[in-house]
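Residue numbers (numbering that gives the first Met the number 0), protein chains in the order written: chain A, 0 to 244; chain B, 0 to 410.
The reader is advised that the hints may include incorrect statements.
[As the list claims (entries may be wrong)] Computed list of lysine-lysine pairs in DSS-like fashion (alpha-carbon distance at most 27 Å, straight line):
#, chain 1, residue 1, chain 2, residue 2
1, B, 167, A, 2
2, A, 2, B, 148
3, B, 349, A, 197
These are computed hints drawn from the structure, not numbers from a lab. Only a predicted model underlies this, so the values are computations on that prediction, with no experimental measurement involved.
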Amino acid sequence: MSKIPQQIIPIVIILMIVVGSFIAAKNIFVPSSFGEQGHFRTEAIQENMDLEQVYAGADACYDCHDDVAEIKSDSYHKGLSCEVCHGPASQHVEAPDEFIPDAPRGRGYCPLCHGYNPSRPSGFPQINPERHNPGKACMSCHDPHNPLLPHAPEECSACHQEIASVKIVSHHATLPCTQCHTIEKGHKTSPKFSKAHKPIDNSTCAYCHEKGSTIKKAAPKINVELHSDRYLCWDCHYPHYPEAF
Amino acid sequence: MLYSIIFPLLNSMPGLSGYVFPNEYELHWSILIVIYPYLTGLVAGAFILASLERVFKVSALKPIYRLSLLTALSFMIIAPLPLLAHLGHPERSFEMFLTPHTASAMAMFGFVYAWYLMVVLLLEIWFDYRKDIVIWSNEKKGIVKYFYKLLTLGATDISEKAVAFDHKIGRVITIIGIPSAFLLHGYVGFIFGSIKANPWWSSVLIPIVFLFSAIVSGIALMLLVYMITSMVRWTTMSMKCLNKLAEFLLYAMLIDFSLETLDFIHRLYESEESISILSEMISSRLFISLIITQIIIGSLMPMLGLVFARFGKLPDELRRMIYFISAILVQVGIFSTRWNVVIGGQLFSKSLRGLTTYKLDIFGIEGLLVSIALLIAPIGILWVLTKILPPWNEMGKVQKEVAKMSATESV
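Start from the sequences, fold in the hints, and give me the full structure.
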C-alpha cells in the first residue's frame, strides 16, 4: 500500500475542520423551519399571526359610525380605511369609551399623501405645504371625510404639478396649458367626468413651429410634413420639456 | 429674453438634465462598487499571470511567479471589504453562506470566492513555499521559529520525493485555478451583464470584457510591483521578464480593446432605443472618464508606448521607464473602465430621457478617503506577506542566470 504523502494529512484535517464548522454553523444558526415552504423561516408566519391585532378594519368602524361611512362612501376618500388617519383602533372597538382614537388635526399629516412628489401620478392632488395656505389647518378648508375643494383650482398645476414643475424650466414655460389641450367645462371640479384632451395630430405643434408661421417668432421653425414623416411630434419631443429631445 | 438668460444657466448646472425618475437622482452603487471589480480583476489577472509560468512553462516569468501569488492573495483579502462596507448590515453577510439562494448569482459568488481563496490561492502558496517554510522553521530563532513551525502544519518532510509531490500538486491546483480565476472575474462581469433592465450593462460580452481587462490590469500590476520591489531592494531587474510581461500586457490589451470596440460597434449598429441617451451620456457625463481616460490615456497611449518600447531599439533604461509609465496608465485606464461601467450604468434614467450626476463624498464610509484606504491596504498586506514569505530567494538565482545571459543576450 502506497503511503499517503505527509503534507496531504494536515490539508485533509483542515478541510474537514472547515467543512465540519460550516455544517455545525448551518445547524446552529439556521432556524429549523427554514426552507420548509420556501426561502424563508416558516415559523415566522405563525409568529406574525400570533402578534396582537391592533387594527379593527373599516367595517368595524362603520357599525357605529354609519353617518361618517355614508359621507365617505361617495367621496374621493372612499377607498381609504378609517385607521389610515385615525390609527389602530382595535382597542376602541372593544372599549369605545376607554380608548379614543386620535384624529390628526395638524398640517403635518395630509401632506404625507398630498405633499408634492414627482413620483406620484399626474392628476393626484398635490400641494407644496410651505406655500399652500401656510399656518392654516387642512381641516379648516377640506373635510377629510369628503375632501372636496373649497373652490375650483385656479391653476392646472394644483393637480398637475409634476408637469408644471418641468414645463416651468422649459422653452414652453410661457405657454398656457390650453394652448395645446382642450379642457371640457367642469374638468377642474370633476376631472374624472370632464376630461382634458390631448392633441391628436401634428397640427398643434405646427401652429407655432411650421416654417413660415408668424406665431411665436422665436420658436424653431421646420417643415412639419417633411420633418416628421409618419411620426407624431411627441414620439420624439416631450412637449412639456421639448429640449430634452 | 428671460429664458435666454435662464437656460444657459440651467444647462451649465452639473446636476440633472432631462427627465429622471425620483429614485434615480442619487446613485445607489458608489465608488466602493467601482473598487470591488477593480480589485478582483487585479487578483484574477495576477493569478493568471502566475499560472503562465507554472502551467505553460513561460520561464522568463519565473522571477515574478511567487510575487504574483502573494499579490493575488493580498488583493483577494481586501476585495470583499468594499462590498461589506457598502452593506447596511455587514454583520449579516455570513447568512448568505448559511442559507444561499441558488437562483442568486451574488449568493453563489460567496462560494466562488471561498473556493478561490482557500482551495486555489492559499493551497498553491502553501505547497509552493512548504519546503522553504520547513527550512525557515529550522533556521530561525525565537518566536519566529514557532510561527514557521505552525505554518508547516506538521508536514516537515522535505525529501526529494515530497518536494516533487509538492510541485506536482501545485501544478494541478494551478490548472484548477485558471478556470477558477476566469470564473471569479467572469462572475463580476456576469453580475452587470445579466441586468437586462440596464442597457449599458446588459450584454453577453461584458463578462468577457471584464475578464480580459482583469488580465490586463493584473499584468500591469505585476509589472509595477516587480519594478518597484526591485528598485526598493536595489536588485537588478530581469529585462527578459520585463519584456515578456510587456508582450503579454500588449497582447492582452489588444484583445481587450478589440472586444470593447466590438461591443461599442455592436451597440451602435444594433441601435436600440437606448442608444441616444447612451450617446448623450458618453459625450457629456462620461467624456473625460471614457474617451479621455479610458480610451486615450488608459488604452491607446500605453499600447503605443509598449509597441515602441518592446519592439523599438531602445536602451534598457528608457525601455523600463516606458514600461513603468505604460503600466501606470493601464491602471488608470482599467480603474476608469470599472468607473464607467458601475457609475455610467446609473447616470442615465430608465426613462431614457435624462441624466443624473454622481457626487463623490470625501468623508464617510462610501467616500474618497475610505476608497483610497481600501486601495492602499493590499499593498500593506503584500509588504507583510513578503516579510513572512519572501519571494526573492528564487529570484536571486534567476537574476544570476539573467546576469550571465544579459552579457550575450540581444533583446
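Verification of the hints:
{"no.": "1", "hint": "B:167 with A:2", "verdict": "16 Å, holds"}
{"no.": "2", "hint": "A:2 with B:148", "verdict": "23 Å, holds"}
{"no.": "3", "hint": "B:349 with A:197", "verdict": "25 Å, holds"}
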